[in-house]
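*Asks:* Sequence:
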Amino acid sequence: MSDSEMKVVEEEKDEPMDAPEGEQTEAQTGETGSSDSDSMDESDEDEDDDDGEALLIKQYVEQLAKIDEDKFNYDNYVQLLEIAHKMTDLDKIRQSAEIFAEAYPLSPEIWLRWLKIEVAIGNSPDELRQADRLFRRALGDYYSVEVAQEYANLATKADAELADTIWDALIPAYGLHVTKGRTIFEAYREDHLAKNGDGPEQLNRLARIYEQELKIPLRNMEDSHIEYKLLCEKHKAVLVDLNPEKFERRYRQAKDLLQKMMPYENRLAALEPHCHQERADLYREYIRECRSQLEDDDLQVLYERSCTDCCLDPTVWTDYLKYLDKYPPDPDEAEASPVFAQSVLDVVNRALRNCPWSAELYVEKMRICEREKRGKADILKIMEEVATVEFQAPEPAVKVWLEYLTYLRRHADFENEKEREILRSNFELAWNQLGRTWGELADPECKILQFWGRLEYGALKDPLKGRDLWQSVMDSSDNSTRVGLWIEYAELEATRGLDAVRKLYRKAIGSIALNDPETLAAAWMRFERVNGSLEQLTTCQELCVAKVQEFYKSLGNQKPPKGRRSDPKKDADQNDSPKKKPIKRTHDEHEFKKPAVPSLPRQKPEPTIEENTKRIRLEEEPIPAKPEIDPTKDVKRVFISNLSFDATEDQIRACFPELNFKSIELVQSSSGKSRGFGYAELNHEADVQKALSFDRRPLNGRPVFISSLARDKSARPNKFKYSERFEPNKLFVKGLPFEATPDDIRKLFEPHGKLKDVRVVYYRSGKSKGLAYVEYESEAAAKSAVVHMDQYCMDGFTISVDLSAPPPRGNPTMTATTSGGAPDADAGGSSLGGGKRHVVKGDVKQKLSTLIPTALLRKTTVSTPAGQVPTGSATPSAKPKSNEDFRKMLLK
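Numbering follows the UniProt record's numbering, in which position 547 of the sequence shown is assigned residue number 547; successive positions increment by one, without gaps.
Where hints are given, some of them may not hold.
No farther apart than 25 Å at their CA atoms in a straight line, the calculated lysine to any residue pairs in the SDA-like style are these [stated by the list, open to error]:
#, residue 1, residue 2
1, 116, 183
2, 734, 793
3, 507, 494
4, 116, 104
5, 373, 324
6, 229, 270
7, 447, 496
8, 553, 543
9, 157, 270
10, 236, 252
11, 399, 422
12, 767, 695
13, 690, 666
14, 747, 777
15, 180, 254
16, 195, 156
17, 86, 110
18, 255, 226
19, 461, 512
20, 255, 270
Honestly, the hints are just simulated from the structure, not real lab data.
Input sequences plus hints: build the corresponding full structure.
*Replies:* Have a look at this one:
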């Protein structure tokens, strides 16, 4: 019976029964006016109900149209389901939920709202079995004790056969939940007694249920232990097969384990709903610390709980898949529970329904299919799934393509010409597809071309094609500055002969802005010592020495560190490995090794009278002793930095009028000038936290950094409160006007939901970077803001809005343009922060030499015979500009 039918039945029950004739006459004679008014009111209410129902039907149809227009907007499905529930039409609720489930997995809350209706109206065996199938689907999506408890209510209405099936699904998995498993066992015992009575056989079965429960670490298990003891005492004449010693030993073990697990359960319960990263890390710690004492089923339940509570974190799913790969479920011993009956492939499919933007999960799925000996058709289907995903950056797409190409390489027959061509066509397809989607940003390091080129030199047996590919690699972006790539290129060229290697080394040493010319020089000279003539070795040395000297001259003639011989000739003699660590360079300091060049000793000039007078005065003046630091005062002190060099103590006090400074000490250089940082002592220890809250307040246009002075680093507060992982309720906004303030951004984003925080990213100088983080209290508000605000024009600036998912620190593959980008929260698509693609028709370049965008090409300088045009020159008539030419350009 549908809800609309139930409503009609209730209205029929409310209608008055036919009264006797005398009473009717009496009513008609005495209350005629009131009867007429009541009938009018009822008719008005019916008209209002009809109008409301018609309005809901109209809204339902409009919402279906919105879903057809944008199938990746999560909020559209939520609205559709909400309208269906308001219509109180079970058929519409079922239809809406199924439409929702085709696009996204239904959350436990959505399942529970639907299933409660199914349980309430289910009376016939067919209706109960249909509800049973829905419950198993729900429990297959997520591990939810709330859904399991409602499933237990269905067991109380079902017949004995269906009830046993339900309890077989619930007890092995949901009876293991540390804090809520006891409620499942209580419902099981009550249903058992209600349906079977308290005969001897039933009482023995009840005792077995208690014993099964009490060997599991469950909260409040002491109460169940008392109940079990009372049962044994009351029915000791009936109960058989009791082993008190064995039972008590298992009970004590479970209770000891519970003491170890409860602190983690309490910490999980105390976390706020938005603390996604903290919850994921806590689950990892929980599993790591307790896994040695837990059974496999208990561990799998913990992994399932972590995936439910952190379903949008791909790393949590990856951890679970790695566990299942190491301890795969046994299909022959799989329980009837949906939790343990699923395969590893089922789990990775669930993971991708929650995190379709994760390249790591697609890679895991390919490897799982390969381990299960599935065919190439199944792997190809995975790539078809990937084609429907709009990644936020090119790196994930490159990662998936590399995995797929690696799979094809492992399963290719290189002796078969047809299979070799198939592999080549897939490499070309990958490169062209990335180019059409991402343009110049597509694989700037050319990892795909490098892989393709290595195979051409080797298994594909076409070194000439390999050379063309690697030439494209070296012409792309800044690859020509990377010495490691040049050396690998030379090793590959060895298959074409010594002259090819020598020619390549000559070209490499002439490249502009090499990151480590010494290593390249040493590698070339080792090659010539082994394979070259005297003339070839001499020429090599001359070019290498000149290049290295030019390199250090451009850096300001820094001296090499002591104890390190840096002459390329001596490097070659010492057989230094070409795979040594690259030279570190920063903007402020260079740690390069300058080659030893003989030079005459320089005579020091005679000091002037003024210099002698100054030296004598300094020698006579006593050197002031450094003040001793009292570490006991650190609890009242803070460290202030990023100050302008002309900032004074009075200006600092005026900038922070809320603080009562006892003293402020600015650290000075030897010349007496401020170094831009110092220490401030406050009157009371409690004032330190107050001072830390004023971190980054501007002084003279620069944000002042205030940090803790705790000597123990573990005691210092973690000031960086913004996670490096995916946060579905936080947005990364870029392209903002540089004068935009946090209030301006707050006003812009407030219409889409309640804001929790807005943070603008500044340079140390206090100037805005045009970037900001906007944190909402709900994930739905963040998704709505992405949909409506991405590519919004703010004061002439087109802003980009994504969900926040910064790359891990130190990841060299991530570009600056994607460092704040975020994958979708629930699926790839523009509604969840999907980046805008600009696909240009005919953008595919057929020739390998033109595969690289011209904007990324780099020119190299090589020695060329007179009269010939060097490689990379714009025109044959191009001439190098003189100093006079540059002077004229600058004056213009």
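*Asks:* If a hint holds in the structure, say so; if it doesn't, say that too.
*Replies:* Do the hints match the structure? See the list:
Distance hint between residue 116 and residue 183 is fulfilled; the C-alpha atoms sit about 18 Å from each other, no more than 25 Å. Between residue 734 and residue 793 the CA atoms are separated by roughly 12 Å; this keeps the pair inside 25 Å, and the hint holds. Note on residue 507 and residue 494: the hinted pairing holds, with a Cα-Cα distance of about 15 Å set against a maximum of 25 Å. Of the supplied pair hints, the one linking residue 116 and residue 104 holds, its CA atoms being roughly 21 Å apart against a limit of 25 Å.
Restraint check for residue 373 and residue 324: satisfied, since their Cα atoms lie roughly 17 Å apart, inside the 25 Å limit. Between the alpha carbons of residue 229 and residue 270 the distance comes to roughly 34 Å, so the proposed pair goes past 25 Å and is violated. A hinted pair counts as satisfied when its Cα atoms are at most 25 Å apart, and residue 447 with residue 496 qualifies at roughly 22 Å. With a CA separation close to 15 Å, the supplied pair residue 553 and residue 543 stays within the 25 Å bound.
Using a Cα cut-off of 25 Å, the hinted pair residue 157 and residue 270 is violated, with the two alpha carbons roughly 36 Å apart. At most 25 Å may separate the alpha-carbon atoms for a hinted pair to count; residue 236 and residue 252 meet this at roughly 22 Å. Between residue 399 and residue 422 the alpha-carbon distance is near 20 Å, which keeps this suggested pair within the 25 Å criterion. Pair hint residue 767 plus residue 695 holds up; C-alpha atoms about 16 Å apart against a cutoff of 25 Å.
Between the alpha carbons of residue 690 and residue 666 the distance comes to roughly 21 Å, so the proposed pair stays at or under 25 Å and holds. A threshold of 25 Å between alpha carbons decides the hint, and for residue 747 with residue 777 the separation of about 16 Å falls inside it, so the pair holds. Straight-line distance between C-alpha atoms of residue 180 and residue 254 comes to about 15 Å, which keeps the hinted pair within the 25 Å bound. Restraint check for residue 195 and residue 156: the C-alpha separation of about 9 Å stays at or below 25 Å, so the hint holds.
Straight-line distance between C-alpha atoms of residue 86 and residue 110 comes to about 14 Å, which keeps the hinted pair within the 25 Å bound. For the suggested pair residue 255 and residue 226, the alpha carbons sit about 14 Å apart, so the restraint of at most 25 Å is met. The straight-line distance between the Cα atoms of residue 461 and residue 512 is roughly 32 Å, outside the 25 Å bound, and the hint therefore fails. Note on residue 255 and residue 270: the hinted pairing holds, with a Cα-Cα distance of about 22 Å set against a maximum of 25 Å.
The structure does not agree with the numbered hints 6, 9, 19 stated previously, though it agrees with the rest.
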